[in-house]
Amino acid sequence: MVPKHPFLHYISRWLKASYDKAVLWWTAKFFSIVIALFLSFSKRQRMSHNNGIAGRGWLHVFEELTIPENGFFVPGRQFPITIRHASATFLDDAMNCIRSISLKFSHEDFKSPFDIEMNTGQTSLFWNAASFLQFAKLRKEKWGIEYVEYYKLYPEGLKGAQWAGRRHATSFHNLHYYSKTPMLFQGIDQIKRYAKYRVLPFEDIKESGIPEDPSVWDAANQRILPHETRGRNYLKYEYKDRVQSEGAKYRLQIQLRTANDDDDPEIFNNMVLWDETLFPWVDIASFKIDSILDWRESTKLAFSVNNMPKYLGILPAKSIYDYNSLNYMRSHSEFARKMRMLSLKIFGMVPPIPDNDNRNAEDWGK
Amino acid sequence: MEPNNKDSVAEIIQKCKRETKIHYLHNDGFFIGKFWNINHLEIGYSKMIHNPITILVEAFYYFYKKFRNFITVVHDFLFPRKPKIYVDKLDSYLTGIIIHDSLSESRDPIHNVKVEFWARTKFTFQFRKLGETYTDQHGCFHLNFTLRKARRFFVRSLRIDILLPKDIVYVGQKGTVNWRIFHTIFIKKKNLIGLGYNVHSIALPIWEYRMDTKVPRTYVPKEPKLAPEVYDRKRVDALIQQIVPSELTKTKHLMQIKLDPKLLTIDEIQADYPMNLTQCIEKKLPGFTRSDAWFEERIINGMNKATLMPDVTDHTKYHIKFWGVCHYDFNEHYALPDVDIELVKRDNALPKLHAITFTGPLNAYQKDPWQKHTFRPSDGEKWMQAKRVARMVGSVVAEVDEHFAGTHVNVEQYAIAAYRNLRRNPIATLLYPHIKEVSLINRAADKTIIAGYLPNATALTYEGLTDRVKDIMGLLNWKHWKPMTPINEKHTYALAENLFWEQVGKFIDRFFEENEVDIKKEWFEVYSFSKDLVLHSAPVFGSDFHSSDPREMQRMKDRFDHGCMVYSCHHIDATQAVNGIKKVITPITKTEKFENDADFQNAKDVCKYIIMMATFSHTWINEQQYDDLGDIMYNCGGLRFGLKERGVMAPESDLTIAPDLTRATQMLWFTNFLSRTEYGFITRNEEHDVHPYLIELLLDKKADFAKLGVDIEAIESRTNI
Chain A
0 MVPKHPFLHY
10 ISRWLKASYD
20 KAVLWWTAKF
30 FSIVIALFLS
40 FSKRQRMSHN
50 NGIAGRGWLH
60 VFEELTIPEN
70 GFFVPGRQFP
80 ITIRHASATF
90 LDDAMNCIRS
100 ISLKFSHEDF
110 KSPFDIEMNT
120 GQTSLFWNAA
130 SFLQFAKLRK
140 EKWGIEYVEY
150 YKLYPEGLKG
160 AQWAGRRHAT
170 SFHNLHYYSK
180 TPMLFQGIDQ
190 IKRYAKYRVL
200 PFEDIKESGI
210 PEDPSVWDAA
220 NQRILPHETR
230 GRNYLKYEYK
240 DRVQSEGAKY
250 RLQIQLRTAN
260 DDDDPEIFNN
270 MVLWDETLFP
280 WVDIASFKID
290 SILDWRESTK
300 LAFSVNNMPK
310 YLGILPAKSI
320 YDYNSLNYMR
330 SHSEFARKMR
340 MLSLKIFGMV
350 PPIPDNDNRN
360 AEDWGK
Chain B
0 MEPNNKDSVA
10 EIIQKCKRET
20 KIHYLHNDGF
30 FIGKFWNINH
40 LEIGYSKMIH
50 NPITILVEAF
60 YYFYKKFRNF
70 ITVVHDFLFP
80 RKPKIYVDKL
90 DSYLTGIIIH
100 DSLSESRDPI
110 HNVKVEFWAR
120 TKFTFQFRKL
130 GETYTDQHGC
140 FHLNFTLRKA
150 RRFFVRSLRI
160 DILLPKDIVY
170 VGQKGTVNWR
180 IFHTIFIKKK
190 NLIGLGYNVH
200 SIALPIWEYR
210 MDTKVPRTYV
220 PKEPKLAPEV
230 YDRKRVDALI
240 QQIVPSELTK
250 TKHLMQIKLD
260 PKLLTIDEIQ
270 ADYPMNLTQC
280 IEKKLPGFTR
290 SDAWFEERII
300 NGMNKATLMP
310 DVTDHTKYHI
320 KFWGVCHYDF
330 NEHYALPDVD
340 IELVKRDNAL
350 PKLHAITFTG
360 PLNAYQKDPW
370 QKHTFRPSDG
380 EKWMQAKRVA
390 RMVGSVVAEV
400 DEHFAGTHVN
410 VEQYAIAAYR
420 NLRRNPIATL
430 LYPHIKEVSL
440 INRAADKTII
450 AGYLPNATAL
460 TYEGLTDRVK
470 DIMGLLNWKH
480 WKPMTPINEK
490 HTYALAENLF
500 WEQVGKFIDR
510 FFEENEVDIK
520 KEWFEVYSFS
530 KDLVLHSAPV
540 FGSDFHSSDP
550 REMQRMKDRF
560 DHGCMVYSCH
570 HIDATQAVNG
580 IKKVITPITK
590 TEKFENDADF
600 QNAKDVCKYI
610 IMMATFSHTW
620 INEQQYDDLG
630 DIMYNCGGLR
640 FGLKERGVMA
650 PESDLTIAPD
660 LTRATQMLWF
670 TNFLSRTEYG
680 FITRNEEHDV
690 HPYLIELLLD
700 KKADFAKLGV
710 DIEAIESRTN
720 I
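Protein chains in written order, with numbering that gives the first Met the number 0: chain A, 0 to 365; chain B, 0 to 720.
These are calculated hints, taken from the structure and not from any lab test.
Be aware that a few hints might be false.
[Stated by the list, open to error] To list a few chain A residues with every Cβ distance to chain B over 10 Å, as calculated: (1) E107; (2) K151; (3) K299.
[To be verified] Taking lysine-lysine pairs in the BS3-like style, the calculated list, with each CA pair at most 27 Å apart, reads: (4) K88(B) / K191(A); (5) K299(A) / K287(A); (6) K481(B) / K556(B); (7) K136(A) / K148(B); (8) K188(B) / K151(A).
Because the structure is a prediction, the values reported are computed rather than measured.
In this text, a Cβ means the ideal position worked out from N, Cα and C, and glycines have one as well.
Let's have the full structure, built from the sequences with the hints guiding it.
The following block contains the structure:
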């Protein structure tokens with residue numbers, strides 16, 4: 000429908016868009032500062048995913064690629080790779096947690112041409128900046144139970160938690176990790192595309208740790224089960240043993256779709272899966288981890304969505320309700336990362352997670 | 000005295016009917032009419048109600064009412080709830096499930112409840128509708144809306160309104176449901192973050208069944224906002240205006256009695272209330288109201304509308320039976336024997352009164368419940384006294400069995416089931432106008448009459464009354480019900496009932512024909528309606544009764560046979576059992592989706608029955624209460640045994656058996672205000688909720704009804720008093 004007064008309409012839309020953008024910028028900055036001050040600097044912690052283990056190896060882009068030609072994923076290209084597996088947010092591997100993999104296409108602590116972070120579950124627990132803030136606000140963790148109110152209020156959040164939580168996984172290696180929020184993919188042909196990434200074990204292995212028929216309460220109650228025999232660090236020990244004995248080999252896949260002006264914003268919604276018939280997952284690389292970093296090296300690692308080529312970077316966001324605002328928030332969290340590094344330098348390294356009976360904990364100090 | 004000139008008698012009766020008929024225009028004052036005159040005919044002569052203070056209070060009340068109405072109009076003008084939905088891309092949704100807030104039963108989901116999502120603006124407080132939907136069969140709703148519309152800067156607050164049907168309004172032949180906000184959930188704007196927002200289980204007391212009653216009754220929470228329905232404001236105004244005069248009169252009497260009972264007499268009490276039909280006739284035709292002819296007329300065509308049962312051995316005779324206390328809990332103060340009235344057939348006339356037989360005690364000394372006493376016209380004074388006792392028992396039966404159980408509670412059981420389940424099915428628009436407010440008035444009746452007046456003024460205790468109502472309900476079923484068969488053209492009640500039934504039948508046929516597609520489409524509502532109806536219906540009469548006394552068992556069998564004659568319940572399907580209890584009501588359908596035509600016919604039949612009970616059947620008794628019970632000496636709800644050996648077989652002048660002062664004023668009070676509803680008539684259609692075709696059909700037969708002594712414009716559209 001053509002507006003009655005196009006010029007006024009344009010001005011009005013421009014003002015609204017500017018306001019939305021300002022709110023988004025302010026929200027991202029404010030959140031980053033809060034995290035930096037109250038978590039990164041004062042506690043020397045990441046925002047989440049503190050409980051992890053890192054390793055190094057090499058990534059090989061497959062010789063035969065079916066994706067459009069681009070300047071980064073060039074057939075046969077090799078990259079040094081550093082990965083970090085983690086459990087969010089508790090310091091206890093036996094709890095029902097979301098597990099993650101973070102990829103860095105270098106052996107540096109931070110510097111890299113391409114970083115990407117992925118979690119278990121095909122969908123997420125939040126879908127835009129507004130939902131993320133609500134997610135953070137309604138955590139209300141106590142004794143390993145959290146997000147009770149959030150899951151009650153937000154069905155998609157609950158669904159995401161049910162899909163993403165992994166209890167009693169047999170290994171970090173056999174889980175499936177998804178980047179969820181789409182990113183830009185612009186090949187040499189200059190056609191704009193959107194991309195999602197995922198990492199699977201190289202071999203076709205059944206994913207472990209998927210809860211069966213979980214309820215709201217199961218999602219919120221992440222505590223270890225009664226009579227749990229697994230230790231606080233069992234996944235990290237298993238991964239260390241695996242890498243040291245045989246290595247851990249993975250497959251990196253991509254899902255692409257061509258951008259259109261009239262695309263439904265829902266395609267950016269990380270809660271909505273792209274139809275795999277129309278947009279199939281295709282292999283782009285494999286990588287093998289053959290060495291484990293110690294706790295100190297692992298803790299110093301940091302990943303950022305800003306570590307990407309421009310043509311593979313994040314998509315612009317318009318407001319805190321825009322699905323792409325999640326990556327916008329991530330890209331504005333540099334300050335928090337720097338503050339954590341500064342804090343580690345000043346106050347020293349955080350200790351490794353002990354193998355004691357302090358179960359269901361999210362902090363070292365208890 | 001038997002008057003000779005029958006034409007003049009008929010004229011006098013008609014004149015008295017006109018004189019004592021209550022007229023009320025709800026826009027007028029009640030104490031003070033249009034010309035500031037006191038309307039004695041309507042409100043009686045009590046000084047309590049026409050002194051200057053009362054008139055001043057009434058003036059203030061009118062001022063308040065007008066001011067209240069003005070404020071409502073201004074509010075609706077300033078803050079309208081426009082139907083336009085502010086929507087762009089539907090990118091978010093509200094979800095939840097609405098269930099019955101039942102503590103002791105399973106919390107069943109509530110289907111087809113309307114859910115609306117509204118925003119209110121910051122500075123102008125305007126309402127903006129953001130979306131609307133209905134709950135599905137599982138009580139779940141999924142209301143889509145545009146996130147940015149809800150989170151606009153100018154939006155001050157957000158609310159989810161859960162709406163229930165309030166009433167129906169007909170514009171032309173099309174009825175639309177008006178919804179009222181039953182429950183509101185406020186949600187914080189900042190909590191809307193895109194995609195879904197779950198408000199979870201919303202347990203609401205929407206037409207819950209009471210668990211403390213033996214028959215299906217509506218639970219009405221104490222919190223007025225949670226009441227399943229509310230009276231229409233005009234109805235409340237009319238009720239207040241009509242109750243206040245008789246309430247004031249009664250209050251004055253009770254104060255006088257408390258101060259000194261000698262300050263008051265039965266005659267003075269009677270004089271303070273408006274004149275009733277029998278008093279009017281008695282003034283013009285002394286003795287006529289105590290005659291056999293008047294007795295026959297009132298028992299057969301009056302409030303009692305008694306069923307004439309052919310004598311099984313003598314085909315020239317009929318019997319009318321009124322069952323007394325039977326096995327129900329009773330007090331020792333009042334008489335209530337079984338009554339068997341024997342009448343002899345006559346051509347072109349009502350049957351002639353021949354004998355009256357009482358079974359049960361007639362005095363305080365002979366307590367044998369099976370003793371029999373027969374009286375005949377040749378018994379002189381005793382015959383007059385026997386007629387008075389029979390009238391009294393007939394009135395209790397009419398009030399308890401026919402009026403309260405047969406119409407009020409009977410209609411209420413359909414009302415609860417209908418309101419619980421029918422919302423989008425066109426049957427809702429058909430039934431709502433006729434079942435509205437019955438639950439509310441029944442609740443009021445529980446307190447004032449069932450637990451108030453009746454246990455104090457009749458032989459039945461509260462326990463006895465509730466047991467009796469349950470048993471009567473065990474005879475009432477929509478299936479196969481038919482109106483009374485007229486014996487001849489003098490049987491005006493039966494003729495009028497048949498005529499009304501015929502007109503309602505035509506109306507139902509056309510309604511179902513016009514709405515067939517939608518009725519079948521929303522068949523799940525009919526299924527749920529039927530399910531609730533059957534599940535909560537009373538056990539079949541006598542199915543839960545056991546006695547070691549064979550006479551008691553035989554009486555129950557006789558009562559069942561009599562009940563089947565009265566209520567057409569020969570076809571009760573005793574195999575219809577729920578949890579081992581034989582249920583009286585036949586299911587309308589047993590399938591969630593429409594499958595067979597027999598069920599469609601059942602739906603028609605049940606609607607026809609409900610409308611008949613709620614309108615004609617109720618009005619008939621209700622409007623004639625003051626005619627038959629508005630004269631203390633002529634008739635009452637309970638004659639006391641007294642202390643003499645003759646007991647209730649005593650002349651009217653023996654005030655020791657008549658109702659005492661308190662009971663007398665209470666009786667006149669309640670029969671007076673119950674008879675003067677004067678709001679909610681079919682043809683007057685004050686609330687524009689009655690289907691125009693039904694009005695048209697009834698007005699077409701106005702002259703025919705008038706010939707039968709029925710003013711069709713005085714038939715109420717619902718059981719609301």
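Right, here's what the structure says about each hint:
no.: 1; hint: E107; result: holds (36 Å)
no.: 2; hint: K151; result: violated (6 Å)
no.: 3; hint: K299; result: holds (34 Å)
no.: 4; hint: K88(B) / K191(A); result: holds (24 Å)
no.: 5; hint: K299(A) / K287(A); result: holds (21 Å)
no.: 6; hint: K481(B) / K556(B); result: holds (22 Å)
no.: 7; hint: K136(A) / K148(B); result: holds (23 Å)
no.: 8; hint: K188(B) / K151(A); result: holds (17 Å)
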